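With the hints as extra help, turn the sequences into a complete structure.
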Amino acid sequence: MRRLGLLAAALSLTIAACSGTTTPGPKATTGGEAATATAKSRLTTIKERGKLICGVEGTIPGFSFVDPSGKYSGLDVDICRAVAAAVFGTSDNIDSKIEYRNLDSTARFPALQNGEVDMLSRNTTWTISRDAAGGNGLEFAPTTFYDGQGVMVSKASGIKKFADLKGKSVCVETGTTTELNLASRAKEAGITINEVKFQDSNAAAAAYTEGRCEGFTSDRSQLAAKRTGLPKPEDNILLDEVLSKEPLGPVTVNNDSAWFDVVKWVTYGLFQAEEFGITQANVDQKLKDPSPDVQNFLGVQGELGQQLGLSKDFMAKAIKVTGNYGEIFERNVGAKSPLKIDRGLNKLWSKGGLVYSPPFR
Amino acid sequence: MAEPLDDKTPLWRDQRFTGLVFQAAVLVLVVGIAGVLLANMVRNLQQLGRQLDFGFLRNQSGFNIGESILPYQPNDTYGWALVIGLVNTLRLILIGFVTATVIGTLSGLASFSSNWLLRHLNLIYIEVARNTPLLLQLFFWYFVIFFGLAQGAEAKQVLGWFLISKKGIALPWPTPGASVWGGLLAIALLGVVAYLTWRWRRWLLEEKGQHGRLQTGLLLGTAAIALGVFLFGLGWSLPRLDANNNILGGVRISLEYAAMLAGLTFYTGAFIAEIVRGGIASVSKGQWEAARSLGLKGGLTMALVVLPQALRVIIPSLNGQYMNLAKNSSLALAIGYPDIFATGQTTQNQTGRAVEIVLLWAITYLLVNLIISVVMNQLNRTIQIRER
Chain B
1 MRRLGLLAAA LSLTIAACSG TTTPGPKATT GGEAATATAK SRLTTIKERG
51 KLICGVEGTI PGFSFVDPSG KYSGLDVDIC RAVAAAVFGT SDNIDSKIEY
101 RNLDSTARFP ALQNGEVDML SRNTTWTISR DAAGGNGLEF APTTFYDGQG
151 VMVSKASGIK KFADLKGKSV CVETGTTTEL NLASRAKEAG ITINEVKFQD
201 SNAAAAAYTE GRCEGFTSDR SQLAAKRTGL PKPEDNILLD EVLSKEPLGP
251 VTVNNDSAWF DVVKWVTYGL FQAEEFGITQ ANVDQKLKDP SPDVQNFLGV
301 QGELGQQLGL SKDFMAKAIK VTGNYGEIFE RNVGAKSPLK IDRGLNKLWS
351 KGGLVYSPPF R
Chain F
1 MAEPLDDKTP LWRDQRFTGL VFQAAVLVLV VGIAGVLLAN MVRNLQQLGR
51 QLDFGFLRNQ SGFNIGESIL PYQPNDTYGW ALVIGLVNTL RLILIGFVTA
101 TVIGTLSGLA SFSSNWLLRH LNLIYIEVAR NTPLLLQLFF WYFVIFFGLA
151 QGAEAKQVLG WFLISKKGIA LPWPTPGASV WGGLLAIALL GVVAYLTWRW
201 RRWLLEEKGQ HGRLQTGLLL GTAAIALGVF LFGLGWSLPR LDANNNILGG
251 VRISLEYAAM LAGLTFYTGA FIAEIVRGGI ASVSKGQWEA ARSLGLKGGL
301 TMALVVLPQA LRVIIPSLNG QYMNLAKNSS LALAIGYPDI FATGQTTQNQ
351 TGRAVEIVLL WAITYLLVNL IISVVMNQLN RTIQIRER
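Here the protein sequences line up with chains B and F, keeping their order. For the record, in the first sequence the residue sitting at position 53 is 53 according to our numbering, with numbers rising by one throughout. For the record, in the second sequence the residue sitting at position 120 is 120 according to our numbering, with numbers rising by one throughout.
Derived from the structure by calculation, the hints contain no laboratory data. Careful: at least some of the hints might be erroneous.
Mimicking DSS-like on lysine-lysine, the simulated pairs with C-alpha atoms at most 30 Å apart in a straight line are [as the list claims (entries may be wrong)]:
1) F/Lys166 x B/Lys155
2) B/Lys155 x F/Lys156
3) B/Lys187 x B/Lys166
4) F/Lys167 x B/Lys161
5) F/Lys156 x B/Lys168
6) B/Lys187 x F/Lys166
7) F/Lys166 x B/Lys161
8) F/Lys156 x B/Lys160
9) B/Lys232 x F/Lys167
10) B/Lys71 x B/Lys97
11) B/Lys232 x F/Lys156
12) F/Lys166 x B/Lys160
13) B/Lys168 x F/Lys167
14) B/Lys166 x F/Lys166
15) F/Lys167 x B/Lys160
16) B/Lys232 x F/Lys166
17) F/Lys166 x B/Lys168
18) F/Lys156 x F/Lys167
19) B/Lys166 x F/Lys156
20) B/Lys187 x F/Lys167
21) F/Lys167 x B/Lys155
22) B/Lys166 x F/Lys167
These stretches of chain F come out as covered by chain B in the derived footprint (C-beta under 8 Å, 3 or more residues) [said to hold, decoys possible]:
23) 327-335
24) 338-349
Predicted model, so just to flag it, every value in this text is computed and none were measured. Beta carbons: idealized from backbone N, C-alpha and C, even for Gly.
In structure tokens:
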């Protein structure tokens, strides 16, 4: 979650305290890492190390969590796998080449900036202050999940749209952007909502379950995940209105184009594969596809891979491991998963969504 | 103090001198550390382009507060929102002091009961309440007890006059109006009459050696009239359900408030019980025996001889428990009760004024606890033995 609050304030004070005496200026935390990065790309470091260190959230079902067999799985985890397969040019036993690190929302950016992890693939919202060099100084790869704040209500309540919440109670976790969005959307709609605020999102969800509030608000992906844990998931619905934009995607540090391009284009490649209809199952047959676009994409001809500093069949290996974006989505959070999140904005551009890859040529 | 006080003792071996030097060093150290911390904070805030500024308190808050006894609208100011939070905190802790003291005293007395079952049930309560975290107990009261009672879509009757639903508990409450104030005034007057009659009866019994039965009758009569006024003169409005399952009448408290109050009461009550038990145990056995040999029965022994002496031990330790209760009330956010901590949290989330809010929190809790201390010390002074 994007907890603003005390921690952030305390952290920024401490950071300012550490850097204060020597470097006056807005932020000085990205300096050292960026300087070495231009000298030697992280891509080289990863290849030499033989392992990709991927920062994940680790506790959100469908996105990144440890399944009963002890393996990491989820949408965010599959992005790590695809990148690892592309970097090491292999589709065999890919988990042995990845080290996952669980990071909470306060630890994630320092861990990336200090080089503890090579990339983040954990529900991180793309915002200008995080992207800007004078802000957090990060690079955002293409959005892999268009999330947004939603409201869950019980079917029996008869609430159909946001305005119906007038005078009703909504359970919310305090200290988050969620709380702020709810207040401002209610103001815009000209309605008064009784916000019942909890320190912890699990307590807020429990109070909703008990019927204390008519509604419960959080990111739609989180709501869907929480819904699977309710006694009768089918009795609860997500309102159609989206209260905020939360584009989530993989993240790397500034000033390392070579490495950032790899993460960016592997992610795009997963989108492109869905557009081409290349799946985990048919990727081997598609190598014989006569279309020049597909041949370029899979590295049968051309040298797109080498230009990125990878092997030419990097996308073929990645797809072999994870399948295309559509498969990843359906398997982890979509119809084939317990979360059953509608693809909505996450459909391909050609089907009315926002998922779009620039051409591979 | 610098000149040697005794010719034979060198300065560095003069205890008065070394003592002063040591104290001065500690003072310099403390002031220095505080100064460095303060300067650091101010400098860091300057670097972030900010300074301590409480002007945001006048801005419109834009968020709603679930429950409040004072009028509050989302277009009121942040300052007013914090006041509402403070009032919510105060009405929690003030009622909490009373209920925790009652529960604690009863439980403390119960540990001297001759009834085996009562004594042991009481022991279990004290040990469970003292040895589990308060946060856990709050979750228990909120999610298990109160939501358990409010199970189902409709409001339910509990204990005859109470209605409980997911939205809160409705209690009987006097209908606001002139008759309430009239009734309360009448009860107060009757109280004064009763006090004077009691003094009169004491004087007759002690000084004149008369039986004072007339006065006893008068006392009973006053009590009966007061009870009548209380029951029928205040215009009690009982909560009831209308056809649409809405609660009408009475006064409504939220489940969050009820759970907070119950949690704080039983948690603090267990500690108070131990203090009461310790206080009573500190009164020597001779006092019990002396009271009994004077012919006092069990209850009177406790009320007239043991408890007044035990209070001298109990009151100073109670102070700490009341302060703990006040501070523990800040856990309210865990179960969604909008106290000063919760409203402050929302305010600093919306305004980004974390430092200012933390300062306000610190000052508020400090003031509340200092006031508790002053009041308790005053109370302590009145019950201590006056040396003669």
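Here's how the hints hold up against the structure:
no., hint, in the structure
1, F/Lys166 x B/Lys155, "holds, 17 Å"
2, B/Lys155 x F/Lys156, "holds, 23 Å"
3, B/Lys187 x B/Lys166, "holds, 11 Å"
4, F/Lys167 x B/Lys161, "holds, 22 Å"
5, F/Lys156 x B/Lys168, "holds, 20 Å"
6, B/Lys187 x F/Lys166, "holds, 26 Å"
7, F/Lys166 x B/Lys161, "holds, 22 Å"
8, F/Lys156 x B/Lys160, "holds, 28 Å"
9, B/Lys232 x F/Lys167, "holds, 22 Å"
10, B/Lys71 x B/Lys97, "holds, 13 Å"
11, B/Lys232 x F/Lys156, "holds, 24 Å"
12, F/Lys166 x B/Lys160, "holds, 21 Å"
13, B/Lys168 x F/Lys167, "holds, 10 Å"
14, B/Lys166 x F/Lys166, "holds, 18 Å"
15, F/Lys167 x B/Lys160, "holds, 21 Å"
16, B/Lys232 x F/Lys166, "holds, 19 Å"
17, F/Lys166 x B/Lys168, "holds, 12 Å"
18, F/Lys156 x F/Lys167, "holds, 12 Å"
19, B/Lys166 x F/Lys156, "holds, 25 Å"
20, B/Lys187 x F/Lys167, "holds, 23 Å"
21, F/Lys167 x B/Lys155, "holds, 19 Å"
22, B/Lys166 x F/Lys167, "holds, 16 Å"
23, 327-335, "holds (count 3)"
24, 338-349, "holds (count 6)"
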